[in-house]
Amino acid sequence: MNSTMQDKIIMERAIELALISEQEGNLPVGAVITFGGEIIAEGRSKIWVPRPDATRHAEMETLRSLDPDLWPLTTEMSLYTTLEPCLMCLGSILHHTVGRVVFGASDVLNGSSSVLTHLPPNLQEIFNHTQWMGPIMPDKCGQLYQRLMAILEKEGGWNKNNEG
386 MNSTMQDKII
396 MERAIELALI
406 SEQEGNLPVG
416 AVITFGGEII
426 AEGRSKIWVP
436 RPDATRHAEM
446 ETLRSLDPDL
456 WPLTTEMSLY
466 TTLEPCLMCL
476 GSILHHTVGR
486 VVFGASDVLN
496 GSSSVLTHLP
506 PNLQEIFNHT
516 QWMGPIMPDK
526 CGQLYQRLMA
536 ILEKEGGWNK
546 NNEG
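Here the working numbering runs 385 ahead of the position in the sequence shown, where the first position is 1.
Keep in mind that the hints were calculated from the coordinates and are not lab data.
Fair warning: there could be bad hints in the mix.
Calculated pairs, SDA-like style, for lysine to any residue (alpha carbon to alpha carbon, straight line, at most 25 Å) [said to hold, decoys possible]:
1) K393 to Q528
2) K525 to T419
3) K525 to N495
4) K393 to Q531
5) K393 to S450
6) K525 to S499
7) K393 to Q516
8) K393 to G422
9) K393 to W517
10) K539 to E407
11) K393 to S477
12) K393 to T515
13) K393 to D492
14) K393 to T482
15) K539 to K393
16) K525 to E423
17) K525 to S491
18) K525 to I395
19) K539 to Q408
20) K525 to E538
21) K525 to R436
22) K539 to N495
Here are the simulated distance ranges between beta carbons [to be verified]:
23) E540 to L458: 31 to 41 Å
24) R398 to L455: 17 to 27 Å
25) E510 to G541: 22 to 32 Å
Remember, it's a predicted structure, so these values are computed and weren't measured experimentally.
For glycine and all other residues, C-beta sits at the position ideal for the given N, C-alpha and C.
Given only the sequences and the hints, what does the whole structure look like? Please build it.
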């Protein structure tokens, strides 16, 4: 099986997690980490439920769920996320030296691609050694992104119901 086909199969699991997140009252974003082609960590957006916490993005939750004994191997891991990582998640991914990032849809409003040429020198060096792929499933993940934007518009932004 070629890597594009395997990437899409793995992204399907991230999509499943995004749908669970949405059912729970959060934004529809999901992420997984693989090592040797096997999923070893999963996460989904939890920024509103169980309580408001802007740091609980799917990528952050996935990194938190990774077995600490595996941290020395992060350069050999791939992180798959349904949406282009934001600036916070980009920083965390780079600081954790994840070797490969695959995202399903671009995020023109909050995605990190607009800052990639302005990273601090140390993070730029790490970024230059990180493989970035995406968007690999813009149709399917783009639908999730459109729903995310509709939810944000309805709720008045990132702070659901404008609560702090």
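Evaluation of the provided hints:
For the proposed pair K393 and Q528, the alpha carbon gap of about 16 Å is at most 25 Å, so the pair holds. Simply put, K525 and T419 have alpha-carbon atoms about 21 Å apart, close enough for the 25 Å limit, and the pair holds. For the hint pairing K525 with N495, the CA-to-CA distance comes to about 19 Å; that is within 25 Å, so the pair holds. A distance of roughly 20 Å separates the Cα atoms of K393 and Q531; the hinted pair therefore holds under the 25 Å criterion.
Between K393 and S450, the direct Cα distance comes to roughly 22 Å. Compliance with the 25 Å bound is thereby established for this hinted pair. For the hint pairing K525 with S499, the CA-to-CA distance comes to about 23 Å; that is within 25 Å, so the pair holds. With a C-alpha separation of about 16 Å, the suggested pairing of K393 with Q516 holds against the 25 Å cut-off. For the suggested pair K393 and G422, the alpha carbons sit about 12 Å apart, so the restraint of at most 25 Å is met.
Note on K393 and W517: the hinted pairing holds, with a Cα-Cα distance of about 15 Å set against a maximum of 25 Å. At most 25 Å may separate the alpha-carbon atoms for a hinted pair to count; K539 and E407 meet this at roughly 14 Å. Restraint check for K393 and S477: the C-alpha separation of about 24 Å stays at or below 25 Å, so the hint holds. Pair hint K393 plus T515 holds up; C-alpha atoms about 19 Å apart against a cutoff of 25 Å.
Restraint check for K393 and D492: satisfied, since their Cα atoms lie roughly 19 Å apart, inside the 25 Å limit. Among the hinted pairs, K393 with T482 is consistent with the structure: their alpha-carbon atoms are about 23 Å apart, no more than 25 Å. A threshold of 25 Å between alpha carbons decides the hint, and for K539 with K393 the separation of about 31 Å lies outside it, so the pair is violated. Between K525 and E423, the direct Cα distance comes to roughly 22 Å. Compliance with the 25 Å bound is thereby established for this hinted pair.
Of the supplied pair hints, the one linking K525 and S491 holds, its CA atoms being roughly 12 Å apart against a limit of 25 Å. As the CA atoms of K525 and I395 are separated by approximately 13 Å, the hinted pair is consistent with the 25 Å bound. Restraint check for K539 and Q408: satisfied, since their Cα atoms lie roughly 16 Å apart, inside the 25 Å limit. Straight-line distance between C-alpha atoms of K525 and E538 comes to about 21 Å, which keeps the hinted pair within the 25 Å bound.
Between K525 and R436 the CA atoms are separated by roughly 28 Å; this puts the pair beyond 25 Å, and the hint is violated. About 17 Å separates the Cα atoms of K539 and N495, which keeps this hinted pair within 25 Å; it holds. Between E540 and L458 the beta carbons are some 38 Å apart, a value that agrees with the proposed interval 31 to 41 Å. The hint said 17 to 27 Å for the Cβ distance between R398 and L455, and at roughly 18 Å that hint holds.
For E510 and G541, the hinted distance range of 22 to 32 Å is not satisfied, since their beta carbons lie about 39 Å from each other.
The structure fails hints 15, 21, 25 (numbered hints given earlier, in ascending order).
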